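Q: What follows is each chain in one-letter form.
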Amino acid sequence: MRSTGLKTTFPKGLHYLSGNEAAAEGAIAAGCRFYAGYPITPSSEIMERMALRLSELRGVFIQMEDEISSICAVIGASWAGAKAMTATSGPGFSLMQESIGYAAFTETPCVIIDVQRAGPCTGQATKVGSGDIMQARWGSHGDYQVIALSPWSVQEMYDLTLRAFNLSERYRVPAMVMADEAVGHLRETIRIPEKIEIWDRKKEKGGAPFGTDEEDGVPPMPAFGEGERLLVTGSTHDAFGFRRTDDPEAHAKLVERINQKILKSTRVIVETEDYFLEDSDTALIAYGFTARTSLYVVKRLRKEGARVGLLRLKTLWPFPEEAVAELGRRVKRIFVPEMNQGQVAGEVKKYARCDVISLGQTNGEVIQPGTILEALTKI
Amino acid sequence: MPAIIQVRLSGFGGQGIVLAGILLGEAGVIEGKYVAGSNSYGAQARGSNCKSEIVFSDGPIDFPHLTKADILLAMSQGAYNLYCEDVKEGSGLILFDQGQVMPREGLHLIEIGVPATEYALKRLKNRQVANIVLLGAFIEITKIVSRKAMEKAIRVHVAERFRSLNLKALQIGIELGRRVHG
Chain Z
1 MRSTGLKTTF PKGLHYLSGN EAAAEGAIAA GCRFYAGYPI TPSSEIMERM
51 ALRLSELRGV FIQMEDEISS ICAVIGASWA GAKAMTATSG PGFSLMQESI
101 GYAAFTETPC VIIDVQRAGP CTGQATKVGS GDIMQARWGS HGDYQVIALS
151 PWSVQEMYDL TLRAFNLSER YRVPAMVMAD EAVGHLRETI RIPEKIEIWD
201 RKKEKGGAPF GTDEEDGVPP MPAFGEGERL LVTGSTHDAF GFRRTDDPEA
251 HAKLVERINQ KILKSTRVIV ETEDYFLEDS DTALIAYGFT ARTSLYVVKR
301 LRKEGARVGL LRLKTLWPFP EEAVAELGRR VKRIFVPEMN QGQVAGEVKK
351 YARCDVISLG QTNGEVIQPG TILEALTKI
Chain E
1 MPAIIQVRLS GFGGQGIVLA GILLGEAGVI EGKYVAGSNS YGAQARGSNC
51 KSEIVFSDGP IDFPHLTKAD ILLAMSQGAY NLYCEDVKEG SGLILFDQGQ
101 VMPREGLHLI EIGVPATEYA LKRLKNRQVA NIVLLGAFIE ITKIVSRKAM
151 EKAIRVHVAE RFRSLNLKAL QIGIELGRRV HG
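In order, the protein sequences belong to chains Z and E.
Counting from 1, position 84 in the first sequence corresponds to residue 84 in my numbering; the numbering is continuous, with no gaps.
Counting from 1, position 120 in the second sequence corresponds to residue 120 in my numbering; the numbering is continuous, with no gaps.
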């Protein structure tokens, strides 16, 4: 990869970038100056670009010995005050799960980009999939929340990586960008915006780093070296980080808060987009690259007079329950095309009181328009 | 011109198919077009049949992959054989590297031979820039992007020490395009 010759964030205006390159630029725009990772197809270009850009920006870049140490380094950097991230794909994402739970329980802001490939296991390394959606939500043990976003374009690899940082800082939670190989390797026109919104974790001198009475449930977060007494543990802890491993009330309170701080902010976090749904009796629900195919199909069928529309999920976790439930009340049937065996279709079935048909495909290829068209024209 | 033009560049890995695709896409962006590009990835990009696909549009692109090619560029016989039937009949165009590819008869579309590798060797003593020679002929024949935009794209994506070589190759390609098409 060639030097950009830039000592700044990427210049505003139109560019031709790959999704992975755009994600790195989105991170940098958000203020990320620490990257630790272990290269893995099809995410490696993010790491390559971060290596290059963080050297230009005098940030910190470390290639670790594996994905476990990568996520641990990211968590450590975050507690030292840095905006930090890593990027990986399925096998690496699996290795990171234990520490993602640690990040969730210690309320550590960090961003993980998962450029999904065809799993399970090492699967087809260069091929596409979106089989890690459930893992993003349930990969670590215990009850916790994460935020997971789903980009469908190169533009959104930039925008949603930036947003992942903002949400992660705002709610002190691991935020994931659940990309897929097709979007990561796609090259497209991207517009780097003139103005961006940046959120930073809140600070409060002497404040309790793990407890708050504030409405949002998000405590202030000091960094090591700022003069605060700081204790960080993955065991149950009180508002000041002291271990409380046999106090039922302390455990209930902490687990409740780290879940509720996300769940009561779903209106801020969850984003969906409607396409042609006003008069539809049939809807598609899709996310990531597959939502592009779905929109293409919807527009084609609309030309033939079909009353079909698309609900696109930009946020996957917390799940857009309300939008899905509301859609389920309006349409007769919902099709869910996705590059797995029905992970999101299962969630849709939980909330939509109408027929839900899974169009899962696990052959390492993107879902072609014809495949969705064929399924829809059968009705 | 239709709202969407789908271009497939093909050859074998090492001929610079991926770079040619990136240059074409970048040139499109420079001219304010909506562009979506994807290319072979993994082992295929390094030795066997390799492709790079660019979709040009006047507006946002829904499905960003190629569905059927309007234009095929073929730099190897294998790639030609693989993709020549996946080009739109009637309006379709195939540009092939004359000398490297024997075109098939009976395809109902326009086929133009451009001796790109031959000229890269003869004029620049470097077969590695045959991709740029073909690209030059391609933009001259189709006017899909301007020469200026392509030169700028080369400056963005090609390392400085190879830049003038590539710009020369582009010039040779444009002249060739004028000759074979004229």
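Derived from the structure by calculation, the hints contain no laboratory data.
Please read these numbers as outputs of a predicted model, since none were measured by experiment.
A portion of the hints provided could be inaccurate.
Said to hold, decoys possible - With a straight-line cut-off of 25 Å between C-alpha atoms, the simulated DMTMM-like cross-links for lysine to aspartate or glutamate are: (1) Lys68/E / Glu365/Z; (2) Lys7/Z / Glu160/E; (3) Lys299/Z / Asp58/E; (4) Lys303/Z / Glu151/E; (5) Lys12/Z / Asp58/E; (6) Lys314/Z / Glu271/Z; (7) Lys12/Z / Asp62/E; (8) Lys122/E / Glu105/E; (9) Lys68/E / Glu304/Z; (10) Lys303/Z / Glu160/E; (11) Lys127/Z / Glu151/E; (12) Lys12/Z / Glu151/E; (13) Lys378/Z / Asp62/E; (14) Lys314/Z / Asp62/E; (15) Lys152/E / Glu56/Z; (16) Lys299/Z / Asp62/E; (17) Lys195/Z / Glu31/E; (18) Lys68/E / Glu374/Z.
Q: Does Asp58/E lie within 25 Å of Lys299/Z when you go C-alpha to C-alpha?
A: 17 Å, holds
Q: Measure nothing beyond the straight line between the CA atoms of Lys7/Z and Glu160/E; if it is 25 Å or shorter, mark the hint as holding.
A: 20 Å, holds
Q: If you draw a straight line from the CA of Lys12/Z to the CA of Asp62/E, is it 25 Å or shorter?
A: It holds: about 24 Å lies between the C-alpha atoms, which stays within 25 Å.
Q: Hinted pair, alpha-carbon criterion (25 Å max): Lys299/Z, Asp62/E. Please report holds or violated.
A: This hinted pair holds, its Cα atoms lying about 9 Å apart.
Q: Taken at face value, is the distance from the CA of Glu271/Z to the CA of Lys314/Z at most 25 Å?
A: Status holds; Cα separation ~5 Å.
Q: Does Glu374/Z lie within 25 Å of Lys68/E when you go C-alpha to C-alpha?
A: 18 Å, holds
Q: Tell me if the straight-line CA distance from Lys303/Z to Glu151/E falls inside 25 Å.
A: 40 Å, violated
Q: Given the hinted pair Lys12/Z and Asp58/E, is their alpha-carbon gap at most 25 Å?
A: Between Lys12/Z and Asp58/E the Cα gap is close to 21 Å, so the pair holds against 25 Å.
Q: Hey, Lys314/Z versus Asp62/E, does the alpha-carbon distance stay inside 25 Å?
A: Judged against 25 Å, a Cα distance of about 16 Å means the pair holds.
Q: Under the criterion that the straight-line Cα-Cα distance not exceed 25 Å, is the pair Lys68/E, Glu365/Z satisfied?
A: 17 Å, holds
Q: Take a quick look at whether Lys122/E and Glu105/E sit within 25 Å of each other, Cα to Cα.
A: Roughly 28 Å separates the two Cα atoms, so the pair is violated.
Q: Just to be careful, I want the Cα atoms of Lys68/E and Glu304/Z compared with a cutoff of 25 Å; is the pair within it?
A: Distance ~21 Å between Lys68/E and Glu304/Z Cα, so the pair holds.
In terms of the numbered hints stated before, the structure departs from hints 4, 8, 10, 11, listed from lowest to highest.
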